[in-house]
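Q: In order, the protein sequences belong to chains A and B.
Residues in the first sequence are numbered from 1 upward in steps of one, following the working numbering.
Residues in the second sequence are numbered from 1001 upward in steps of one, following the working numbering.
I should point out that these hints are in silico values taken from the structure, not numbers from a laboratory.
Certain hints may be false.
Rough simulated footprint, nothing fancy, chain B against chain A, three-plus residues with beta-carbon under 8 Å [unchecked claim]: (1) 39-53; (2) 91-99; (3) 175-188.
Chain B side only, calculated, beta carbon under 7 Å to chain A, not exhaustive [unchecked claim]: (4) T1011; (5) L1018; (6) L1019; (7) V1020; (8) L1023; (9) A1026; (10) I1053; (11) Y1083; (12) V1089; (13) L1094; (14) N1108; (15) G1120; (16) S1124.
Just so we're clear, the structure is a prediction, and the values are computed from it rather than from any experiment.
Virtual Cβ for every residue (Gly too), placed ideally from N, Cα, C.
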Amino acid sequence: MPRNGEAGHVTAGYGAIVLPVSVPSDLPAAPRPAGSQASPAVRLVTGFAGFGAGSVNLAISSSSLASAGASNPGLLIAAAVAGLWGLALLAGAVLFLARDRPAGRPGQYALAAAAAAHLGAIVLPGFAPAGLGLTQLSALLLTLMIIASLAWLRRAEGSRDRRLPAASQRAGIRPGRLLLAAFAGAVLVAGITTPGLAASTAGQYAVPHGEHGNLSPGGHHQH
Amino acid sequence: MRNSPNRLIATVFGAVYLLVGLLGFAVTSGVGFAATEGANLIIFEVNPLHNVIHLAIGAALLFAGLRGTAGARTVNATVGAVYLLVGIVGLFLLNSPLNIIALNGADNVLHLASAVLLLGVGLSLDKSPATARA
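Given only the sequences and the hints, what does the whole structure look like? Please build it.
A: Written as structure tokens, this is what we have:
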């Protein structure tokens, strides 16, 4: 135990702020901000939602491609936009998790625009390919989840900057609890993503474990 | 190991996948290897091919989890990325056996959840040299 006035070493192992840091041991015990325990879990769930939203947008792209003929360039454009946005979401989620690179202002505007587009596709008939209501709803929920959790993280980071060094706050997080929270978040994201994927055109052809060989559309719908 | 989320999750998931693979063989006697008509293990419809895949993934995760943090990170991220990538490619190959992810079933929810969890934890946690030696 360091004596009064000596530096105590704290190792924090989560996220980008991870190196051992020296914390004077005679600092008064400051109250731990509420966000410090949950931030790594929320960060993970944000990334999960990015993977889910990216997958669902790619399913929308695939469905638009499948129903677009040569006579319908509008659907081809919609497929390209949804596909590029889906890839951007996947890449953004990887960057966000691997390098802790948050969405900048353009990213936030793009997420808001995507949420508005998904909402428009649900409530305005003819705005998007028909029959994708559940897929669009799934994409909308996942996009809103990303927007909300990014806002929560920005707020938590802001309040943390005014209190303790980040590493000293993260040191108290238990990996078991973090992983339990992350698992719950992953199940939530997968529970929203899976019905959205199943409601797309790919879901009509998807191969259940016990029905290989029967590839007729509509034969496997389980929703 | 308890200080590293990657080692912890690789060990736990590895053990669970190994168990599912072993129990799967108990319920799939008489089922064709790659096959067509599987048997139910709780909510998972499995056949011997799935059992082998579960055993291989479980062994890789468990080995990496027991070995060290760097290996656990790599295996976690690789397993998650491969599953997600196969599923996404399958969305565009409608009549392909790769079209496996777009099914509204509890087993698909769990598979997708484990894929994003392994990929996310592998990418995001245990980045420091300090915890890499944990």
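Q: Now tell me, hint by hint, if it's right for this structure.
A: Consistency of the hints with the structure:
no. : hint    : result
1   : 39-53   : holds (count 7)
2   : 91-99   : holds (count 3)
3   : 175-188 : holds (count 8)
4   : T1011   : 11 Å, violated
5   : L1018   : 18 Å, violated
6   : L1019   : 17 Å, violated
7   : V1020   : 13 Å, violated
8   : L1023   : 16 Å, violated
9   : A1026   : 17 Å, violated
10  : I1053   : 11 Å, violated
11  : Y1083   : 11 Å, violated
12  : V1089   : 9 Å, violated
13  : L1094   : 4 Å, holds
14  : N1108   : 5 Å, holds
15  : G1120   : 5 Å, holds
16  : S1124   : 4 Å, holds
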